[in-house]
Structures are given as C-alpha cells and as structure tokens.
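Student: These protein sequence lines are chains A and B, in that order. The opening residue of the first sequence carries number 1 in the UniProt record's numbering; numbering runs sequentially from there. The opening residue of the second sequence carries number 1 in the UniProt record's numbering; numbering runs sequentially from there.
One or more hints might be untrue.
As the list claims (entries may be wrong) - As a list, the in silico DSSO-like pairs of lysine-lysine whose alpha-carbon atoms are at most 27 Å apart:
1. A:Lys435 x A:Lys380
2. A:Lys304 x A:Lys247
3. A:Lys38 x B:Lys89
4. A:Lys857 x A:Lys888
5. A:Lys45 x B:Lys335
6. B:Lys357 x A:Lys38
7. A:Lys857 x A:Lys813
8. B:Lys329 x A:Lys48
9. B:Lys169 x B:Lys101
10. B:Lys413 x A:Lys34
11. B:Lys205 x B:Lys89
12. A:Lys51 x B:Lys335
13. B:Lys342 x B:Lys169
14. B:Lys329 x A:Lys45
15. A:Lys874 x A:Lys813
16. A:Lys34 x B:Lys357
17. A:Lys38 x B:Lys344
18. B:Lys205 x A:Lys38
19. A:Lys38 x B:Lys215
20. A:Lys38 x B:Lys40
21. B:Lys335 x A:Lys29
22. B:Lys152 x A:Lys29
23. B:Lys342 x A:Lys45
24. A:Lys45 x B:Lys413
25. B:Lys11 x A:Lys29
26. A:Lys29 x B:Lys58
Unchecked claim - Quick partial rundown of chain A residues pointing at chain B, CB under 7 Å, derived from the structure:
27. Lys34
28. Lys38
29. Ala41
30. Glu49
31. Lys51
32. Asp76
33. Phe77
34. His79
35. Lys874
These are computed hints drawn from the structure, not numbers from a lab. C-beta atoms are modelled at their ideal positions from N, C-alpha and C, and glycine is treated no differently.
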Amino acid sequence: MSTPNPNIAKTSMRGLTNFISDLRNAPSKENEEKRVTKEMAHIRKEFKENKNIDGYARRKYVCKLIYMYMLGYELDFGHMEAVTLLSSTKFSEKQIGYISIAILLHEQHEMLPLIINSFKEDLLARNDYFQSLALAAICNIGGKEVAEFLSPLIQKLLIANTSSPMVKKRAALAILRMNRKNIGFVTPDQWVERLVSVLDDSDFGVLNSLMSLLIELASENPIGWESAIPKVIQLLKKIAINKEFPKEYTYYHIACPWLQVKLLKFLRYFPPPEDSQGGQVLNEILNAIFSQSESAKAGTVNHKNSLNAVLFEAINLIIHLDSDPTLLKQTSSLLGRFITVKETNIRYLGLATMSHFANLSNETSIMIKKYQDTVLLSLKDADISIRRRALDLLYGMCDKNTCKHIVAELLSYLQTADYAIREELVIKIANLAEKFASNYSWYVDVILQLITTAGDFVSDDIWFRVVKIVTNHEDIQAYAASTVFTALQSRNCHETLIKVGGYILGEFGHLIADSPQSSPLIQFNILHSKYGTCSPSTKALLLSTYAKFVNLFPELTQPTQEVFKQHSNYIDAEIQQRACEYLNLTSLNEDLMQTVLDVIPAFSEKDNSNNNNINSSNGNSQDPRVSSGSGYHTPPPQQQYQQPVQQQQSNNNLQDLLDPFGLGLGGSPQPAQQQVAQYQQPQQQIVMQPQQIQQQQSPQEVQSPFGSGTHNFSPSSPNGPSSPINSGGAIDPLQLKILISFKRLCLASEGVLYEDNMLQVGLKSEYQGSQGRLMLYYGNSSAFPLTNFNVTFNSVSGVQLQPQSIAPVIQPKAQIQQPVTFSCTSEFTETPTVVINFLTPGKPITIHLKLPIIMSKFFDPLKLNSGDFFAKWKTISGKPLEIQEVFKPTKPVDINQFTKVLSDGLNITVLKGVDPNPNNIVAACLYPFGSNGQPIQCYIRIESNPQANMCRVTIRTQSAVLTNTLKSLLIAHLQ
Amino acid sequence: MISALFLMNGKGEVLISRIYRDDISRGVANAFRLEVIGSKETRSPVKLIGSTSFMYIKVGGIYIVGVSRQNVNACMVFEVLHQLVDIFKSYFDTLDEDAIKNNFVLVYELLDEILDFGYPQNCSTDVLKLYITQGQGKLKSLDKLKQDKISKITIQATGTTPWRTPDIKHKKNELYIDVIESVNLLMSAEGNILRADVSGQVMMKCYLSGMPECKFGMNDKIIMDKEKGSVPARSQRRTNGIEIDDITFHQCVRLGKFDTDRTISFIPPDGEFELMRYRTTEHINLPFKVIPIVREMGRTRLECSVTVKSNFSSKMFGSNVKIIIPTPKNTAVCKIVVAAGKAKYMPEQDGIIWRIKRFPGDTEFTLRAEVELMASVNLDKKTWSRPPISMEFQVTMFTASGFHVRFLKVVEKSNYTPIKWVRYLTKAGTYQNRI
C-alpha cells in the first residue's frame, strides 16, 4: 500500500502516546502494573458512564486496550467497543476496529458470529480500503463459519476485474487461510479455472499471494491443478529470460526472488512436463538462472541469500526433473562449491541437497564421488546439524567400491562422535555393512566392532540381524564363533555382545571346540563369568545357551545342571521356568533333548528390517512431500503406510529371536514342546490350557480347522495384546485370568477386567446408538503408591477411543476412574487395546489388556417372522458373505444356555417359532454402521445335535467382514 | 554457617559480595538471580538450589542474601540479616542502591567485622561505630593517645559490658520509654474474632552518666502474682496483670536474674535501643470495630456500607486512620458518601481508600458506596473472591494488650535522679475484616 490514502488522516492520539511512554519509562514491573490497572479503571469508567462517547475517544481507548493486551495483561472488556468501531464509516476508526478484533478474537470466539455481518458489508462495499481491511482480518481470524458465509464473495473479489490488486492479493491469502482451517475446502473442479485465470494478472503482488495458495493446494493433492503449469512456466520465462518485471520487485539486484522461488517450488509437485516444448523452455529457464548466478558478483548478505534461495530451489527442481545431463553436471559442480563455503547455512543446504542428488541415480552419485573427502571432513564440523547431513550424504554416496573405506571412516568417527548422533550412526553403519558386504566375515567384524565401541546404541534389530545372517551362512559360522569368543575374553564387554556371544557359541560353539584355547569348558566359563551382571532377558538367553551346550558337549552336563538347579527357585518367573524345564529336559530323556535342542534351522529370508529403519529416519527435517526430490513418484500416504508394517516385522523378529532356540519357531519343535509340558509339574499343565483358550480367542487362529493339532505355536497375531514375548509355552496363570475376564466382559456390561496383587482394573460400559462410554476404575491394592500411572489406548479402525486424562499417581488403597468415550463408524475386526504403565517402588510395570469392545455391543434387535426371515435368508448365499462352521462344544449342548448367551450377552435377537426343530436356533440382528453407511442385517442359524454333542453355525450377512467376526464371536462364546 | 553474603539490586545485579568460606563461588549469585529474582512463582524467604540454601530479605529494593551450604540455623541467619539492615541504616540513614554504592568501602569494612568465617561476631552499632568510622583517613595519624584508645576499644568490646563504655557523661540524666504495640486482627464477616494478637516492643532512649544499674517493672501477671504473695498489703491496687506469651530481651538484660526472680535488671547501652519485645494473645482491647455490609446486585452492581466504631475512651483519639475497602477488579464507577474524612476509589489498590485524619474515641462513622461494574466478556469468569477490608491507624496513650510500665529504678554510684518519660502507642499490624 504505497499509494497515499486520503482516508488515513494524520491523526496522532496524544493520550495514547503519553500512555505508551509512561509504560516504557516505568522503573519497575510493579509501577507498570499500577499504571495499567489505573488506565483500565479509567477506560471502564469512560465506557460505562459516557454513553455517547465519540469515535475518536473510542478509538483511542481501544488502542490503549490493545496495547495493554499485547503486553500480556488480561483483558475482559472492550471487545464490544472494538466491534462498534467496525461499523464506523471513517477509515481510521474502522482500521483500529479490524486490527483489534484480529488481535483480541480467535476463530472459535463466541463473538465472531456477530462480526460476520460487518465483514460482509465491508466486502460488498465499493471501497478498496474497506475490502482490504476486512480481508486482512479474515486472514487472521477466519474460521469455518467465515468460510461458509463469505467464501463466494471472496472468490468473486479475487477474480473480478473490478477489484484492485490490493484487494486481490488479500483475497488470495484469505482463501489460503480458509483452506488451511478447513482442508479440502478448495477443490480443483470448482476452482481451478478461476484461480488459473488470475495467473494472468499483471501485478506481481497478486501473483505472489496466489502462488502461496496454489502451492498449498498442490501440496495437499497435486491432481487437478496441472492446468496451471504452462502459465507458471510462462511466468518464469518472463522473469528469468525476458526480464520483464516491475522495477520495484527487484530485491538486491535479484528479480522478485520470492515469486521465483514459489514458481519453482510449485513445479516440483508435478511430474516433468510431457510436451517437449515445455520441458525445453524449462531447461532454458534453469540455464538462465544458473548463468545469472555465475555472472553475479558477490554482494551483500541479502544479495547472496536471495540469489542462493532461487538457486537452491532451481537445483531442487532439476533433481526432481532429472532430465538434462548438462544441467545435472552443473548442479553437481555447484553443490560441490556450496559444501565448501564458510557459511554454515549454505553448507547445510548444500549437503542436504547433495544427498537428494546422490539418491537420484547412479550417474549422479558418481558425479559427486569426488567430493567424498570434503564430506568426510564435514563429519567433523562444529555444528551437529551439518554432521547429520554429512552422515546422510555419506550413506547415500556409499556403493560397493567405496563401502569399505566409508565404513572404516565412520567406525573411526564413531569413537569420537557425539552421543546425539551415535544411534543414527550405528544404524547406518550396520545397514551399509550389510548392504554392500562382499564377504560376511567382514560384516561380522564390523558389527562386533560396533557393539564394542557403542554397545548402548546398538538396537536389538541389529544383533538379531547378525544372528540371522550367521545362522543362514554356514561358511562364516566358525569364523563368527571364534571372533565372538575372542571378543568375549575382554574384561568388560557390553551386554549386547554377551547376547550375541551366547547365541553364537550355543549354536556354533562346537565348531571351535576342538581348539584347546576354546574348549567347551572354557567357553562355558567365559560366558558364565559374565552371567552375574546381566539383565534377566540376557540371563534367560544364556540359560538356553547352557542347555544347548549340554546337548553338544556331554562333559558340561555337571556344571550346567548346577546352574539350572540354582535357578529353579529364581525370583524371575521366566528364568525360573527355563531353569526348571532345561533341568528336566537335560536329565530325563536324551532323545527328546536332542530333538528339542537341535541346531536352529536357517531363517526364512524376510526383507531387511534395518533398511526400513533408515528410510524412516531419513530426511525427516523437511517437508516430506518435497524432500526426496521425487515427491511426486512416491506419494506421501505410502510412506506413512510403510512404518507400521515395518514395526510389525521387527516385532515378529523380536518374537522369534528373543527366544532363539525357540521351541516356537517352525512346525517341528512343537510336538516336542507338548511332550515336554507333560513331563512338567501340574502347573505346567495348566499352562497348556490358556494356550488353547488363546487360540479360540484370537480370530485368525479360529479360521484354521480346530482341534487337529497341527497349528503352530508362534505368537498368534502381531498386535494381539495377549501375546507377550514369552511365547514358547510360558503363559502364566495371570494371562489365563485376563483372558477369562475379557471373555466374560464381552458378554456383560460391567466387571473386573484385570486383577493382580497390585492393581485392579474394573470396567463399566454403556452403549447408545453408535456411541459408547466406558468407565475404567483403577484400584491400587498394594501398600505403596503407584506413580507415573499412564494409560495408552490403541484405537482400531472403525472405533475411535477418546479417553479423558487421569492423575499420574494412585495412592495405596485408593481408586481413580477414567471415562472413555468412543464411537463406532464402521465394521471392525480387531479389538481395541489398552496399555497400562506405572512405576512401583521396585520396577516399572506394563500391562497389556484387550478392551471388551466388540461388534456385538453395537447390535440392534431385529424382529422378523418366519416368512420374512427365510425370504431374506435366501437372498444371501455363498462365500464370503455366508460362512458355515461345525464345532464341538466343551460342555454338553444346552440350547437354553445358547439362547441366553445370544440374547443377553451378544444382543442378538433369537427368533422363536421360526424353526420347528427345538434343537435349532434362528436369530437375527442389525449392525447399524456398515462401511457404506447402511445398516447391515445379520442372520444366524445354529443347528445342534445333542447326541453327538456337535453344533453347526451358519451365518449370512451383507458384509464379509461382519460374517467372519460374528462367526468367531459365536464360536468363542458358545463353545 | 554463612558462606557468603550478597547484596543485590532489584534486577539481580550484585552490589556487594562477601565470601566467608570457600565452599561456594561467586557464581551462585547468578543462580539466585535466575531462580529467585527471575522466577515468577511465589517467593519463599528460603530457597534451596542444588545443595546451597539462600536466605534472603528485601529492604528498600535491595536483596540481602545469606548463602550457606551447611545445615545452618535459619533463624540465626535471618537475625543477622535484619541486624545488618539496622547497622546499615544507622551508618547511612537510608538503605538503598545508591547508599550502598556510595559507601561500598564502608560496607565491606562492616561485613568484615560483623562476621568471621561465617560466624556472627558483633552486631552492636555502638561498638562498631567506635572503630569503624565514616571519616576517612582519621586513622592515618595514629598518635599514642589514639592507640591507647584503640586498645581500650578492644578490651571493651571483649569485656562483660561490650555495649557501654564506662566514661559516659551527660549534663542532664534523661530516660525515655516508648511502648509501641501493633495489633493483628482477623475478623469473620459475622463479627467473630478468628485471630487476634499484639506484638509490642519497649524502646528506650537512655542518656545516663556512668554505669547505671536499672530495674524495670511492668504489669506482667506472673510478676504481679509473685509480688502479691510476698507483699500482700501493697498489691490491692494492681490486680490487672496481663498474660505475656512470649518475651525477648536486649542482650544487656541479665537473663539469669530474670529466670530466678523475674526482675528485669540491666546496665543500658547509651542512646536508643530496644529493651524487650513481647507478644500477647489474650484479653486484647481492639481499638476499632468494623461492621461491613456488602451486597452484590447482579453482575454489574455492588452496594456496600461500612461502619467503623472506636472502642477507646473519648479522651483519646486515633490518627491517620485509613480503611481499604476492596472492590472487584472490573469496577467502573464508584459513588461514595462518607460521614467523616475523605474516600476515593483507587484502581491501583483495587479498592476504596477512606482516610480519617483524627478519629475521636467512642464514636462511629459510616461509609456508603455504590459500585458499578463492567460486564466481562468471558461469561465463565470466576466470581469475585471478596478479599478482606483492611485498616491502618495509630492510637497514642493506648495499649491494646493493657501493658503498662510500673517502675524504672536507676541506681548509680554518683546517685543522681534521672528524668523519666513514658509514652504508649498502638498501631495496626494486619487488621482485617472479612466481608
């Protein structure tokens, strides 16, 4: 607004300036406060007493109020006065009015509806200044309501020929604001033509604002906005090649850098232009930008900054386009220059961009090979962010030839590296070593060195991976065993090393046992000398190693059994159980022992989980949509989607590897385990039952034919809350209790969900329509307070849980409650879970529980007579909408009991008199929230044969998901 | 023990830092600035940062901070800090930033004498003034006579009566006794006394020659009962002894003698000093009674009427009476009618201030006010907390506890008769009435 405005009278408000200078000169905070309260009182008096206060005074007082508000004082009046100013016809008063509401109100403020009308009036006014004021205020506080009422008007202002540039650019920003508050508000089909037509505007201010809007829209979803591309290229050409731009938009000799940056950035959301002409023009433009930068002499900081801003944006675009080899070459030399300059920011950007560049293709990574030394130097930079970027870049640059050199450099750097960067460094080294390993002995060496230098940062994934690789490659097993053995001999080795050592010696110790330096006894002694200082999980692992030793070296039976005996009363249940089992296993039956403790079979080659780790940690510092330089090709949802998958994989890994001798790995060891169990004490036999129950519970397992005994023992489902690490036959009575309470609560609305000697979790539930409400009661039954009490709810798709927060501490014998509301939006198969964490004086405790929120809780009754039922029954047939299943109940068939469970527990309407056979049940229910919004009707038939004690369920619904879930549910509860 | 003393201004800049022990560094002043002066939370007089305790008082915009890393007696530290304030005030009248800056050499000198290795040595102004003088360069020309004098000072300062030099001569032997009491009161809105106590002090100004031996008598109940027992005939008149809960004396009073036969005997220092401090909580004569009526009429109006009644004889009068009647924060306009004095709404104090210069005994005055409030934008704003009405006043020749001086005997070798004056004054401490 450089044009002089006749409406802005040069009115100084002396009272205001005096007041402000008073506050500025206040010698202390107290004096300032006093002055403010006095002024507030004065203004209150004026507003209250002086009914016909004139515009000038009102404006002055509102200004004072804003000033005090901005200093941080609470303001609970004066808003009405500000709104009154809006309706003034004087610019000065209106201006203050709009400024004040933009400062005092927010988009949810209850006074906002009052002023929408003033917005509207001013937008309709034929006065540019009034329109601008209103738009500026909308840019600040506009919300959903404003968008609803005023969007057509604002849109019209943006495209109308009559509105001045001043109004247009504000209108573009106002639309941007409304879109941000209300994602998806601007859709291409309605807007694209109009917005693109504005790109013809000659005013650069308008274009600048409009490009901000377009970038935002394209970043949400680029599809539909392609028609803007030719015009954007045209504009770029106009600026970069033809040099047609207004003088006032030159900033330190650079032509409108902001607009250029925005135009270039916009292009990056789209694939390279298909028509060769567009591509050619674009290449010309980029060439022009490059040549411009070369010819430019180094000027002031501002000049350099704006020059580099455009340049970097151009480089990013080149990387994105990946077409012209000469341009790429130029880029590489430019980047090479950037990473050597003194200024940190540019170096950072240079390194970051270079790592994108390196990832682009083979040629590009070869192009930058010559800068490798510079990058290695950057690893020692004083600024950690630079070091991170350098690390990323090195990771990207690495290939078969340079790998050994780079890994060696990184390993030597690891010793001096900052703690903040070590974890990342370790993952990257491990990854590179695996990716480019030419021989696996080198890989084993690298990882062992990693563990010795930075053991704390080596995550489980990494050593799992080593174990896997060693197991799968016979040629390195002996080498690995001897290396690990040597490493273990050092006095203080890291726990991770002990774990690796325990596993490898247990499996492959026999390969080096012939040498007198590493005889079985020495191996055992070395491992056992570290045993005392280990954590329980390592101890458990070592016990398994000892068991393996017994199998391999009979001479070790004596000392190992000694150890097992010592631990048969150990306080940790896991260790105790292992000790007992192994003791019996090694002393009772030689054949059985040999079968159980046989060499682990090779692991199936899943994809490398470490790799995924890297992907997720890569380039998180920037907008993920544009960071990778090829944002268009890998749309963001996919990236986000990858993460949970990877977690599941590593979860699986963890589960099969924490118990590497596994008893639960493939199909073959399993029967042996069952036999083992029979040798154990009665407690051990109880353990078997929960496993069966668990399999009935978990929906996936039920699908396998039941009772045939060939199902495997691996942890049931990756997210099943009742599948803790101790999968191999170690379900304790507590788990059994949890399962039973869960099953009971599936049928009832209140009861105890979980109970042990420290914590009791009770539950009450109510359901109304699609809404449900849970009240969870946490009772502390111990004698000490439970601190850091924290409950995490895991929603599943279809059910969204909204828990209220709770106090972090439960005093002894006290109870706290937590209401949880949730609503059901579609069918769901999984059960929401809850994780309870708390600290007892001894140790942290984590409890995983399933919440009894199942589909049947939302069932509505469905009354049908015989004719209707069969008419509808016949409309659905065939898989997957129909499922039939035969099962054998554990108790004798009781039709009345079934009816009760169905109608009371599962909210299913049992239809009387439909089926003449008294041993059959016909039932129906209505599930109100199908995925398409329609209620789903479900029809159920249960035929029973009391003589044979067999039942058959048939379920027909309009949804395969529902059919499946309903079947699992029925079988679980009727059995 | 005290490891260091810091004097800081309101911004936390160190004016004076004196470190007595080497278990702390100067840097701790920075910690204090950040954690105490810079923090917004409510301040407590003791702050523990790490294992260092900071005990501080704020006087005249200056923080006086005692720092210790040991389990020091906090009361002792605060006593030292308050004594320091008294000493500084007696040396350079006012205590503020400028005074400290202009006299920092003197302050360091004083700090050297007052504490040694963190242990308090000598806090008596009179003694300190003997050898720490404000005139610069005086000690330069030490002739023999002065050296004698200095050695005398040493003997005296370490002798039995370090607070008095033996060779004091006054033309007129005079003695002034001031009994100053401050009344603390908290009364409920219904007029029940929730808490009332009086803390008093007996100040003496003593201009006596030689080494006078004094004996002080007051109407303490225990003493009176004792005397009644021994001399029953004389005790007919004085039965109105008061119960004193707590009593502390100046160091000159012989505590052994007080413990055995409850007599207060002492050789006074020359000049002004505080002979004793006491506290009573029973049978307190409240000088003023406040009867408030405050009604909130809807969200935007408030009516109040406050009646103040004086409870002492009509011969006496209260002076500088000030009543602060709180009003809500969003007060817009106050219409006030008063029978006596002046009343005005003061937004800085969030209340109506009513001043009465002279309040005669046994009378009552009433204030009526209509307060208009500004409606607040946030409707869910919490209601007015109704803070109490507080009052300030002074009543001369009146003691709220009933304390009075019975006698003061002075015995001296030269056997002169001193002229004695007694004065009583009651002030308001925190004198509050809930509404």
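Student: None of the hints should be skipped; say for each whether it holds.
Tutor: Tested hints:
1. The straight-line distance between the Cα atoms of Lys435 of chain A and Lys380 of chain A is roughly 25 Å, inside the 27 Å bound, and the hint therefore holds.
2. For a cut-off of 27 Å, the pair hint linking Lys304 of chain A to Lys247 of chain A stands: about 19 Å separates their Cα positions.
3. For the hint pairing Lys38 of chain A with Lys89 of chain B, the CA-to-CA distance comes to about 34 Å; that exceeds 27 Å, so the pair is violated.
4. Straight-line distance between C-alpha atoms of Lys857 of chain A and Lys888 of chain A comes to about 25 Å, which keeps the hinted pair within the 27 Å bound.
5. About 12 Å separates the Cα atoms of Lys45 of chain A and Lys335 of chain B, which keeps this hinted pair within 27 Å; it holds.
6. About 25 Å separates the Cα atoms of Lys357 of chain B and Lys38 of chain A, which keeps this hinted pair within 27 Å; it holds.
7. For the hint linking Lys857 of chain A to Lys813 of chain A, the alpha-carbon distance of about 32 Å lies beyond 27 Å, and the restraint is violated.
8. The suggested pairing of Lys329 of chain B with Lys48 of chain A holds, with an alpha-carbon distance near 15 Å, which does not exceed 27 Å.
9. For the hint pairing Lys169 of chain B with Lys101 of chain B, the CA-to-CA distance comes to about 36 Å; that exceeds 27 Å, so the pair is violated.
10. Distance restraint check for Lys413 of chain B and Lys34 of chain A: the Cα-Cα separation of roughly 60 Å exceeds the 27 Å cut-off, and the hinted pair is therefore not satisfied.
11. The hinted pair formed by Lys205 of chain B and Lys89 of chain B meets the criterion: a straight-line CA distance of about 17 Å does not exceed 27 Å.
12. Distance restraint check for Lys51 of chain A and Lys335 of chain B: the Cα-Cα separation of roughly 17 Å lies within the 27 Å cut-off, and the hinted pair is therefore satisfied.
13. With a C-alpha separation of about 50 Å, the suggested pair Lys342 of chain B and Lys169 of chain B falls outside the 27 Å cut-off, and the hint is violated.
14. With a CA separation close to 12 Å, the supplied pair Lys329 of chain B and Lys45 of chain A stays within the 27 Å bound.
15. Proximity of Lys874 of chain A to Lys813 of chain A is assessed by CA-CA distance (about 58 Å); at most 27 Å being required, the pair is judged violated.
16. At most 27 Å may separate the alpha-carbon atoms for a hinted pair to count; Lys34 of chain A and Lys357 of chain B meet this at roughly 25 Å.
17. Of the pairs offered as hints, the one joining Lys38 of chain A and Lys344 of chain B holds, with about 13 Å between alpha carbons and a cut-off of 27 Å not exceeded.
18. The straight-line distance between the Cα atoms of Lys205 of chain B and Lys38 of chain A is roughly 44 Å, outside the 27 Å bound, and the hint therefore fails.
19. Under the criterion of a C-alpha separation no larger than 27 Å, the hint pairing Lys38 of chain A with Lys215 of chain B is inconsistent with the structure, at around 55 Å.
20. Under the criterion of a C-alpha separation no larger than 27 Å, the hint pairing Lys38 of chain A with Lys40 of chain B is consistent with the structure, at around 23 Å.
21. Under the criterion of a C-alpha separation no larger than 27 Å, the hint pairing Lys335 of chain B with Lys29 of chain A is inconsistent with the structure, at around 31 Å.
22. In summary, the hint linking Lys152 of chain B to Lys29 of chain A is not supported, as the alpha carbons are separated by about 51 Å, beyond the 27 Å threshold.
23. A hinted pair counts as satisfied when its Cα atoms are at most 27 Å apart, and Lys342 of chain B with Lys45 of chain A qualifies at roughly 20 Å.
24. Distance restraint check for Lys45 of chain A and Lys413 of chain B: the Cα-Cα separation of roughly 72 Å exceeds the 27 Å cut-off, and the hinted pair is therefore not satisfied.
25. For the given pair, Lys11 of chain B sits about 11 Å from Lys29 of chain A by alpha-carbon distance, which is consistent with the 27 Å threshold.
26. A distance of roughly 16 Å separates the Cα atoms of Lys29 of chain A and Lys58 of chain B; the hinted pair therefore holds under the 27 Å criterion.
27. Restraint check, Lys34 of chain A versus chain B: the minimum CB separation of about 4 Å is within 7 Å; hint holds.
28. Taking 7 Å as the C-beta contact cut-off toward chain B, the hint placing Lys38 of chain A at the interface holds, the least distance being around 5 Å.
29. The beta carbon of Ala41 of chain A is positioned within 7 Å of a beta carbon in chain B (closest approach about 3 Å), and the interface hint is therefore held.
30. Hint status for Glu49 of chain A: holds, given a least beta-carbon distance of 6 Å to chain B, under 7 Å.
31. Because the closest C-beta pair between Lys51 of chain A and chain B is about 12 Å apart, greater than 7 Å, the hint is violated.
32. Interface hint status for Asp76 of chain A: upheld, as the beta-carbon distance to the closest one in chain B is roughly 4 Å, under 7 Å.
33. The beta carbon of Phe77 of chain A comes within 5 Å of a beta carbon in chain B, closer than 7 Å, and the hint placing it at the interface holds.
34. Below 7 Å, beta-carbon pairs count as interface contacts, and His79 of chain A has one with chain B at about 5 Å; its hint therefore holds.
35. With a least beta-carbon distance of about 60 Å to chain B, the hint placing Lys874 of chain A at the interface is violated under the 7 Å criterion.
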